[in-house]
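Protein chains in written order, with the UniProt record's numbering: chain A, 1 to 233; chain B, 1 to 233.
Hint data in this document are derived by calculation from the structure and do not stem from the laboratory. Certain hints may be false.
Heads up, the list lumps identical chains together, so a pair's fine if it works in one copy or across two of them.
Subject to a maximum C-alpha distance of 30 Å in a straight line, what follows is the list of computed BS3-like cross-link-like pairs (lysine-lysine) [claimed, not checked]:
id: 1; residue 1: LYS27; residue 2: LYS196
id: 2; residue 1: LYS143; residue 2: LYS53
id: 3; residue 1: LYS146; residue 2: LYS7
id: 4; residue 1: LYS212; residue 2: LYS27
id: 5; residue 1: LYS223; residue 2: LYS63
id: 6; residue 1: LYS54; residue 2: LYS112
id: 7; residue 1: LYS112; residue 2: LYS233
id: 8; residue 1: LYS54; residue 2: LYS146
id: 9; residue 1: LYS54; residue 2: LYS192
id: 10; residue 1: LYS112; residue 2: LYS231
id: 11; residue 1: LYS106; residue 2: LYS41
id: 12; residue 1: LYS180; residue 2: LYS53
id: 13; residue 1: LYS63; residue 2: LYS204
id: 14; residue 1: LYS7; residue 2: LYS218
id: 15; residue 1: LYS146; residue 2: LYS63
id: 16; residue 1: LYS63; residue 2: LYS233
id: 17; residue 1: LYS231; residue 2: LYS54
id: 18; residue 1: LYS7; residue 2: LYS143
id: 19; residue 1: LYS27; residue 2: LYS53
id: 20; residue 1: LYS27; residue 2: LYS41
Given the structure is predicted, the values throughout are model-derived calculations rather than measurements.
Number of protein chains: 2
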Amino acid sequence: MAKNDVKLIGAWPSPFVLRARIALNVKSVEYEFLQETMEPKSELLLKSNPVHKKIPVLLHNDKPICESLIIVEYIDEAWASGPSILPSDPYERAIARFWAAYTDEKWFPAMKGILGAQNDEARMAAVGQVTEGLVLLEEAFQKISKGKSFFGGDHIGYLDIAFGGFLAWIRVTEGMGGIKLLNETNTPGLLKWAEKFAADPAVKDVLPETQKLAEFSKIIIAKLRAAAAAKAK
Amino acid sequence: MAKNDVKLIGAWPSPFVLRARIALNVKSVEYEFLQETMEPKSELLLKSNPVHKKIPVLLHNDKPICESLIIVEYIDEAWASGPSILPSDPYERAIARFWAAYTDEKWFPAMKGILGAQNDEARMAAVGQVTEGLVLLEEAFQKISKGKSFFGGDHIGYLDIAFGGFLAWIRVTEGMGGIKLLNETNTPGLLKWAEKFAADPAVKDVLPETQKLAEFSKIIIAKLRAAAAAKAK
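With the sequences and hints as input, model every part of the structure.
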């Protein structure tokens with residue numbers, strides 16, 4: 001076994017898997033990408049993440065690390081190569097962790113609400129929630145970035161990776177509904193951020209192509225709508 | 001303003017507030033405890049945590065830090081006094097973070113399910129889920145503690161604080177239902193751990209007294225049952 005045997009169990013459309021890939025790229029860590037089809041879930045996935053049975057799982061010298069934000073912190077701590085992903089200041093770290101948790105716990109569920117909406121009313125309510133969240137993230141961006149390109153300053157950091165994992169899904173959602181979630185009025189900073197993030201060397205080769213993701217998203221949308229319909233009964 | 005002006009907005013029955021108090025004690029940080037009644041929420045809380053409006057909030061030289069696990073990491077990083085709360089090894093840190101997130105996202109919702117259950121069937125289902133979670137945590141404890149007293153080894157660490165925040169609530173739940181959630185059969189390690197945790201110098205003066213918490217819990221239980229009833233309609 002090589003000293004740095006690194007594998008990532010994942011799937012290309014997953015925003016959570018993307019976080020791990022970007023973090024590995026930031027640190028210039030070479031890894032093997034193990035494409036997980038989930039139908040059925042692989043033995044390796046079930047063995048590596050028996051609690052949640054979810055991707056991504058990072059395997060570092062066969063030791064599994066689960067949960068995307070925990071993986072990103074692990075990568076930052078385990079490899080000194082490349083720039084730091086977390087800020088060095090404890091308060092700035094806490095703020096980055098706060099907003100990363102916010103995207104997962106509050107904002108992304110609303111995003112799924114747009115895609116899974118049963119009717120226009122539910123859809124518009126979800127768009128409202130997502131927009132409200134983006135306005136908060138825009139305010140956070142203005143404060144945290146201090147006029148620089150990224151939440152992480154001059155280079156992408158923890159919160160860029162946490163929020164940026166969703167960028168391709170934001171674009172797909174915009175394309176579907178003819179809405180501009182990121183726009184000059186509400187989120188001028190994030191609009192510019194999105195361009196720079198997508199073009200970053202650590203991101204550009206792993207960010208899903210919008211058209212391809214839009215095609216794939218039809219399967220996800222059907223599942224979300226079925227789940228919403230079952231819940232409404 | 002003093003260099004280390006530390007205040008904690010909280011309430012004594014909250015398991016999440018307790019985490020912050022224990023972490024401050026581990027680091028021997030003196031702080032002012034600002035009792036939040038939540039009826040109505042104080043101006044200071046609303047200003048300090050405008051996104052979630054929840055306790056605890058740590059105020060360090062007037063800068064607010066929110067979300068209990070983020071606060072615990074902040075305390076560990078901001079004060080070098082006292083032992084480290086997080087393990088130093090990146091893999092061990094990732095494992096501690098994994099189980100801490102598990103207690104919040106999976107296990108504690110099931111605990112609330114016991115207290116809020118509308119009938120015996122719902123209650124027994126919730127007890128089953130909680131027990132399943134405790135068996136997983138027992139396995140984790142056996143692996144992580146390696147025969148020592150705590151998840152953190154010889155002294156309490158991140159996962160002790162994360163899970164231990166709930167200990168008084170476990171005891172109240174046991175007392176209410178005549179059930180032994182922690183017992184010799186399923187969780188012999190955690191049963192011993194609980195005694196040692198409760199007696200730890202950083203814990204014993206801030207851990208809510210079971211009888212007092214049981215009295216207070218009646219208010220919470222009524223709220224949880226009302227919420228469950230509304231959801232069932």
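We went through each hint and held it up to the structure:
Only within a single protomer do LYS27 and LYS196 lie at most 30 Å apart by alpha-carbon distance; the minimum there is 19 Å, versus 41 Å between protomers. With identical chains, the CA atoms of LYS143 and LYS53 are at most 30 Å apart between copies only, with a shortest distance of 20 Å across copies and 37 Å within one. Taking the closest pair of Cα atoms, LYS146 and LYS7 come within 30 Å of each other only across two copies (27 Å); inside a single copy the shortest separation is 36 Å, beyond that limit. Within a single copy, LYS212 and LYS27 get their C-alpha atoms as close as 27 Å, which meets the 30 Å cut-off; across copies the closest is 51 Å, which misses it.
Taking the shortest alpha-carbon separations for LYS223 and LYS63, neither the intra-copy value of 32 Å nor the inter-copy value of 43 Å comes in at or below 30 Å. Both within a single protomer and between protomers do LYS54 and LYS112 lie at most 30 Å apart by alpha-carbon distance, with minima of 17 Å and 24 Å respectively. In this assembly of identical chains, LYS112 and LYS233 lie within 30 Å of each other by CA distance both inside one copy and across copies; the values are 19 Å within and 24 Å between. For a Cα distance limit of 30 Å, the shortest separation of LYS54 from LYS146 across copies, 27 Å, qualifies, whereas the shortest one inside one copy, 36 Å, does not.
In the homo-oligomer, the alpha carbons of LYS54 and LYS192 never lie at most 30 Å apart, since the shortest distance is 32 Å inside one protomer and 32 Å across protomers. For a Cα distance limit of 30 Å, the shortest separation of LYS112 from LYS231 qualifies both inside one copy, at 14 Å, and across copies, at 21 Å. Proximity of LYS106 to LYS41 under the C-alpha cut-off of 30 Å is found in both arrangements, the shortest distances being 27 Å within a copy and 21 Å between copies. In this homomeric assembly, LYS180 and LYS53 come within 30 Å of each other (Cα to Cα) only across copies, at 29 Å, whereas the closest approach inside a single copy is 34 Å.
In this assembly of identical chains, LYS63 and LYS204 lie within 30 Å of each other by CA distance solely inside one copy; the values are 28 Å within and 36 Å between copies. Taking CA atoms no more than 30 Å apart as the test, LYS7 paired with LYS218 passes inside one copy only; the shortest distance there is 29 Å, against 50 Å between copies. Taking CA atoms no more than 30 Å apart as the test, LYS146 paired with LYS63 passes between copies only; the shortest distance there is 17 Å, against 38 Å inside one copy. Neither within a single protomer nor between protomers do LYS63 and LYS233 lie at most 30 Å apart by alpha-carbon distance, with minima of 43 Å and 46 Å respectively.
For a Cα distance limit of 30 Å, the shortest separation of LYS231 from LYS54 qualifies both inside one copy, at 22 Å, and across copies, at 28 Å. For the homomeric pair LYS7 and LYS143, the shortest alpha-carbon distance between copies (23 Å) is at most 30 Å, but the shortest distance inside one copy (36 Å) is not. Taking the shortest alpha-carbon separations for LYS27 and LYS53, only the intra-copy value of 26 Å comes in at or below 30 Å, while the best inter-copy value is 36 Å. With identical chains, the CA atoms of LYS27 and LYS41 are at most 30 Å apart within one copy only, with a shortest distance of 29 Å there and 44 Å across copies.
Violated hints, in rising order: 5, 9, 16; the structure is consistent with all others.
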